[in-house]
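One letter stands for each residue in the lines below.
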Amino acid sequence: MSFITQIFTLAVFAIFVNNFVLSKFLGLCPYIGVSKKIDSAVGMGMAVIFVMTMASTFTWLIQEYLLTPYNLEYLQTIAFILTIASLVQLVEMVIQKTAPSLYKSLGVFLPLITTNCAVLGVSILNIQEDYNFLGAILNGLFSGLGFTLVLVLMAGLRERLEKAEVPEAMKGMPIAFVVAGCMALAFLGFSGLNF
Amino acid sequence: MKLFKEFTKGFIKENPVFIMALGLCPTLAVTSSVENAIGMGLAATFVLVCSNIFISLLKGLIPDKIRIPCFIVVIASFVTIVDMVMYAYTPEIHKSLGLFIPLIVVNCIILGRAEAFASKNSVIPSIMDGLGMGLGFTLALVVIGSIREILGAGQWLGMNVMPAGYIESPMLVAILAPGAFIIMGLLMATINLMKKKQGA
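Taken in order, these protein sequences are the chains called R and C.
Here the first sequence stands for residues 1 to 195, where the numbers follow my numbering.
Here the second sequence stands for residues 1 to 200, where the numbers follow my numbering.
Hints may be right or wrong, so weigh each one.
So the derived list for chain R, only partly shown, Cβ under 7 Å to chain C, looks like this [unchecked claim]: (1) 115; (2) 177; (3) 180; (4) 181.
These aren't lab readings, by the way, just hints derived from the structure by calculation.
Ideal Cβ positions, reconstructed from N, Cα and C, are used throughout, including at glycine.
The following block holds chain R by itself, in its conformation from the complex (with noise of 0.2 Å):
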């Protein structure tokens, strides 16, 4: 397979048949919590990508420099969410200092990343699924990419349920997870694919 095509066949997979939302029920926090609105949730999609891609390279660098040639395998889910945590606050510092109109759109959602399981779910996908450096990179992307997208449509499909006449009882959360349902059956339909 050529360099393209194992790029682009990572990127279906990660994207459509492996989402991280809908198949693998990761970050479902802010799927479910800050798809009000597109606004916002552009915002966060962007922020999310962003990490992903700074975790999974941080975290498999530690993974192959530090904790596999010292015997410190046992310590991936220690070092891993410190990594995580400290990131987001340089990232936080650093965005604040050099482009503060970027600050201003994402500040509040990276604070919530660090508590994100799709950013530690990717760091320790990476490490099981033996990724090399550049893979672990462009799976941090386009996982990040994937759940841009489906938040970004829940975010449009929630804004029209606004003035949609729902039941009484299924108002807010509720309805949002059986549109979820839905949005995850149609995304079932790429689980055929093959390449």
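Starting from the known structure of chain R, fit chain C onto it as the hints suggest.
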């Protein structure tokens, strides 16, 4: 009496999953069978109780500004212990829960209880709170797991509970991803309805 209240509030009144909508990722991901649901619930309960004990002991020592990273380190240590213990004694459940065992670290129920309860209360109430919330989480997982396993496979904890014809062609969607979302939504709606009836 007050301790008992701390213990039972997690079951129904402040159930972490149904009422507070916390810890959704593991709730939907591991409930395709009752066995996984129980495994996940108990693992999370253990971490919750231990981290509550430690955090309530350390509450005077941790500076306020860096409390969240400190809580995360405490929680991550216990998650690592659970991970190793499950790998040694229940390798099959460990395998089917997979990624979601290390992800207990970012389960918002545990950090939420550390922040909202253990960092403000003494040890004994914190244990009760952790135990109650953990069991409430387990209860919710088992309820969802039971519905999904019975509908999707015609079984409950591996035992056949539906007629043979149903098991041959069950409602497969219930154990797949979409079923998880839809069943969760309908359960939440049911609870809303019940709460409203009680209130009226």
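Consistency of the hints with the structure:
1. 115: holds (5 Å)
2. 177: holds (3 Å)
3. 180: holds (4 Å)
4. 181: Nearest chain C Cβ about 3 Å off; hint holds.
Hint violations for this structure: none, all hints satisfied.
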